[in-house]
Structure formats: C-alpha cells, structure tokens
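Sequences listed follow chains E and W, in order.
FYI, the numbering for the first sequence is 90 to 323, going by our numbering.
FYI, the numbering for the second sequence is 47 to 357, going by our numbering.
Please note: incorrect hints may appear among the correct ones.
Unchecked claim - From the derived model, a few chain E residues whose C-beta atoms are all more than 10 Å from chain W:
#1 147
#2 177
#3 203
#4 217
#5 240
#6 253
#7 282
Unchecked claim - Facing chain E, according to a computed beta carbon distance under 8 Å, are these residues of chain W, among others:
#8 55
#9 213
#10 226
Think of the hints as simulated: they come from the structure by calculation, not from any bench.
Think of the CB as a built atom: it goes at the ideal place given N, C-alpha and C, for glycine as much as any other residue.
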Amino acid sequence: MGALLEVSGLNAYYGKSHILQGVDFQVEQGEIVSLLGRNGVGRSTTIKAIMGDVPPQGSIRFKGREIAGMKPHQIARLGLGYVPENRDIFPSLTVRQNLLLGQKSARQTGRWAMSDMFAVFPRLEERADTPAGVLSGGEQQMLTMCRTLMGDPDLVMIDEPTEGLAPMMVELVAKLLGEIAERGISILLVEQKLTIALKISRRLYVMGHGHIVFEGTPAEFVADERVRQEWLEV
Amino acid sequence: MLEIITFSTLNGVLYGMLLFMMASGLTLIFSMMGVLNFAHASFYMIGAYFGFEISRRIGFWPGFVVAPLLVGGVGALIERFGLRRVHGYGHVAELLFTFGLAFVIEELVNMFWGRLPVDYRVPPSLDFVAFKLFDTTYPAYRMFMLATAVAMFVFLILILKRTRVGLIIQAALTHPNMVAMLGHDVPTVFMLVFGVGAALAGLAGVIAGPALVTQPSMAGLLGPILFVVIVVGGLGSLTGAFLASLLIGLVQTFAVAINGSLFDLIGPTATTIFGELGSVTVAQIAPILPYLLLVVVLIVRPTGLFGNRET
Numbered sequence: 090m091g092a093l094l095e096v097s098g099l100n101a102y103y104g105k106s107h108i109l110q111g112v113d114f115q116v117e118q119g120e121i122v123s124l125l126g127r128n129g130v131g132r133s134t135t136i137k138a139i140m141g142d143v144p145p146q147g148s149i150r151f152k153g154r155e156i157a158g159m160k161p162h163q164i165a166r167l168g169l170g171y172v173p174e175n176r177d178i179f180p181s182l183t184v185r186q187n188l189l190l191g192q193k194s195a196r197q198t199g200r201w202a203m204s205d206m207f208a209v210f211p212r213l214e215e216r217a218d219t220p221a222g223v224l225s226g227g228e229q230q231m232l233t234m235c236r237t238l239m240g241d242p243d244l245v246m247i248d249e250p251t252e253g254l255a256p257m258m259v260e261l262v263a264k265l266l267g268e269i270a271e272r273g274i275s276i277l278l279v280e281q282k283l284t285i286a287l288k289i290s291r292r293l294y295v296m297g298h299g300h301i302v303f304e305g306t307p308a309e310f311v312a313d314e315r316v317r318q319e320w321l322e323v
Numbered sequence: 047m048l049e050i051i052t053f054s055t056l057n058g059v060l061y062g063m064l065l066f067m068m069a070s071g072l073t074l075i076f077s078m079m080g081v082l083n084f085a086h087a088s089f090y091m092i093g094a095y096f097g098f099e100i101s102r103r104i105g106f107w108p109g110f111v112v113a114p115l116l117v118g119g120v121g122a123l124i125e126r127f128g129l130r131r132v133h134g135y136g137h138v139a140e141l142l143f144t145f146g147l148a149f150v151i152e153e154l155v156n157m158f159w160g161r162l163p164v165d166y167r168v169p170p171s172l173d174f175v176a177f178k179l180f181d182t183t184y185p186a187y188r189m190f191m192l193a194t195a196v197a198m199f200v201f202l203i204l205i206l207k208r209t210r211v212g213l214i215i216q217a218a219l220t221h222p223n224m225v226a227m228l229g230h231d232v233p234t235v236f237m238l239v240f241g242v243g244a245a246l247a248g249l250a251g252v253i254a255g256p257a258l259v260t261q262p263s264m265a266g267l268l269g270p271i272l273f274v275v276i277v278v279g280g281l282g283s284l285t286g287a288f289l290a291s292l293l294i295g296l297v298q299t300f301a302v303a304i305n306g307s308l309f310d311l312i313g314p315t316a317t318t319i320f321g322e323l324g325s326v327t328v329a330q331i332a333p334i335l336p337y338l339l340l341v342v343v344l345i346v347r348p349t350g351l352f353g354n355r356e357t
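Just chain E, same shape as in the assembly:
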C-alpha cells in the first residue's frame, strides 16, 4: 500500500495568481510531518487545496483514492481533518455546540469523545456553555483542534496552531499533538516557527515559491544551513 496521503503535481490558483506550482509530498500512516516556509509561499493554500476549499489541479490521493475534485464534505468524511489557521470557530454557538458540530453525524463514535477533550483542556469544560466568541485566542485554538478531532480523522492537517499564543498555550498545543500521535493519527503540521515542528516531526518539508524545496528528517534539516537561510530565516 502507498502512503496515507500522496500529493503530486499539485497546482492551485487564486484568481490569476499561480500559488501552487507543482507541489509533491506524502504523509505515511501514523507519521507527523511538518510543512515549513515563510508567509505567502503557499503552505495554507496547499492544505486548502487538499480539502477542496481551493480548486486543485494535479493528483491528491488519500487512502489510495483520488480526492482532487471531490467536495470538501466528502473529503472530510473520508477521514481528513482540517484545523484552520484563522481559528474559524462558530462564535455565536457555545463551546459544546462547536464540539458537537465536529462530529460528522449525531451517532458518530470514534477515537475521541467530548470527555477526552475536556480531560486535556479542563478550561473548555468550564466554559462549555459560553459562546465560543468570547474565548481567548488560545482557548479558541484549542477549540478548533478539538472540534476537528471530534470528527475522528485519520489525518489532521493543522495550520499554524501556535501563532500568536502565549508560551503556556504553546505547551498545551504540543501536548495535544502528542496525544493525537499516540493514538496513531497522522499529522500534517504547517508552521513558520520551528519550535514544535523540530521536536515532534519525523520528516520536514520546506516550501518556497509554490513548490517543495527541501525534504528530510529534522536532523538533516538542522545540518542544512543553506536551506534555513534561503527559505526560512527572515
């Protein structure tokens, strides 16, 4: 069997601008992979194209099935989870309602129950019945991650989960990522900073100008100063 997620020759456009110009990478079963790069190189667009939110061109295979061209909800139902960068919570709904909407149907049971979420983040339980819109940025980040997990995905794609968070919250995010990995769920982590990515990833990809410019293990990445200078450091 091939990789869990196999992306090859992925192209995507925003209007007339050619954002992704042939992206190739894969994520194996149970693997944590990071996609690094500066702002605007197309990391978020890559995930959105995989989810079908941006029309993709090229091949995206998930669990051996071609998913390019499918609708977002069909892709999600195959077991692909997406945690957006802008913390797209539903602000007028309560924390509990947000989590319920993570489930794909009322009777879904999977690897995660609401009690698991509350165990990792007791804060969410305390605020279960408040509108999600009044939560702090960090709490909203927790909520988006937990909401996606409630849908029991086999691969979660997480876009910049630590951006703008206090160090304590970053710790919590890292803890949850650990829990996800422990349950055998694959993670595709999009990051700009290296803090978490280097610690937990098995492999790293670096993106620049709409395609992959580096692929390797964290050790190989640390050794390759040229890549860091050219494609990451500002």
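Chain E is already provided as a structure; the job is to place chain W on it using the hints.
Leaving out everything else, chain W in the frame of chain E:
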C-alpha cells in the same frame, strides 16, 4: 380611539408576521449563500396561486398543506439546478439570475391565470366574525392567519435552536466553508434552507391570498417592502428581521389609520413653515414611510438594527 388602536395593533402585528414569514427565509438565504433573492416575493405569489388552484378543486385545507410544499419543492429545484450552477460565476450572476427569475415567474402567472385578480376566497369554515369590539367586527380568518404565522415562527425557532440541522444552519450562516470541511453536506443544507424559505413564503401567500388580492402584481408590490424589512433588521439577522417586520407592519397600519396632518397638530404655522406639505395627512404618506425608515436606518446605523455586516 381605543378601537383604532386595538384594530390597528392587531392588523399591524398580522401584517408584520406575514412579512416575517417571507423575510425570515430571505435573510437566512442571504446570510448563508450571500444571495439576495429577488425572486423571494414571487414564491409568495405562486403560493397564493397554487393555493387558489387547489382550493377550487379540492378545497382550502388541502391547498393550505400542499401548496407550500409544492412551492418549497420548486424553490429547492431552482436552487439545485439554477442557482448552484450560476454560483460559480459570482454574486452578480446570482443576482441577475434571481432578478430574471422574478420576471419569468410573473409572466408565467400572467400566462396561466391572466392579469386580473383571481377569485381566491376565504373558506366558509373560517368566514365568520371572531369578535366585536365597540361597533367594529374582526374576521376570524385574520385570527387564523395570525395563528398560522405565530405557529410557523415557533416551529422555525424550535428547528433552529433544538435540532442538529438547526445547529449546522446556524454555523453555516457565518462559516459555510468551515462547516463543509468538518464533513457536513453544506450544498444540501443550502438547498434545504432555500426550499424551506420558499415554502414559508408560499405559505404566507396561501393564507394572504384570500384576505388580500391574488393577482400577478402581488409579488412586485410586496418585494420592495421585504427588502426594507431585512435591511432595517440587519441582513442575516433573524431577530432583526422579526422586529423590523413587526415595526414596519405596525408603522404602516397605524399611519393609514391616522387621518391627521401637521396642520392639525400645530395649526396654521404648519402651512407657513412647510407650505403644502403641512396639510398632507399621515395616511397619505403611509406608503413611503417604510422607505423613509430605510433611509434613516442606513444613515444612522448602516448595519441595520441587529446586523453586524455592512449592507
């Protein structure tokens, strides 16, 4: 005086609830899909005509149930095979589509039923006097309309607040893409909301047809007021649509009932200050009051009373 106040309030609330039956669907559809559906009042009209056709064949009550369902079905089909295809070409294309649809429906109605009003009557079972206050009687049919509208409102709230589909709809009002990426079939939810919105407008037509006049211009007469309601209430806000419906219903009915002018209020000085305007009665300017309200709201609060987006 008490008489005028009582009946104007009743009629105002009734008119307001009728408006709300249409405005609720319109505002939900706008909020979710970003489409201002110009053909929404047309669903109200075909509701009345379907109700008329069914009632003259098998009776009012079958029409009362079947006509809204038919209109809802037509609405869902229009969304699925019309609007959804046009969607890819952007909002202008969608607007033009619904705009054209309103004309098509009006012409179809002209073709099938002619330009003159049809004889859609209050059913005998509801054609009696509900109560009498002082010397004025109030027809039972109007009480029935009010009850239907209130029941519809309660039903809508229960679905939105108590069911899972309601939860998905509420979330999709602001974040349709995110809801889809969580695995919910948003396109089908859109079709459903469009269909239910059309059915609600159709039901309003079925019950308003006999009380008002069932004619091809009824959509055109009502459409503009509907837009006033949802803009004043705040585009996308159900609470706003509800209050604005009642507000406009009451303003219009009361204005029609008041036969006074500025001249009556402050005497001859009115004529010196306002000229001929001073002797215009409130009843005479009643039809423009909603639009005046619209302009004032847009100046003072461009997002509408309860909206949170720029109109």
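Broken hints, numbered, in rising order?
-> Violated: hints 2, 5, 8.
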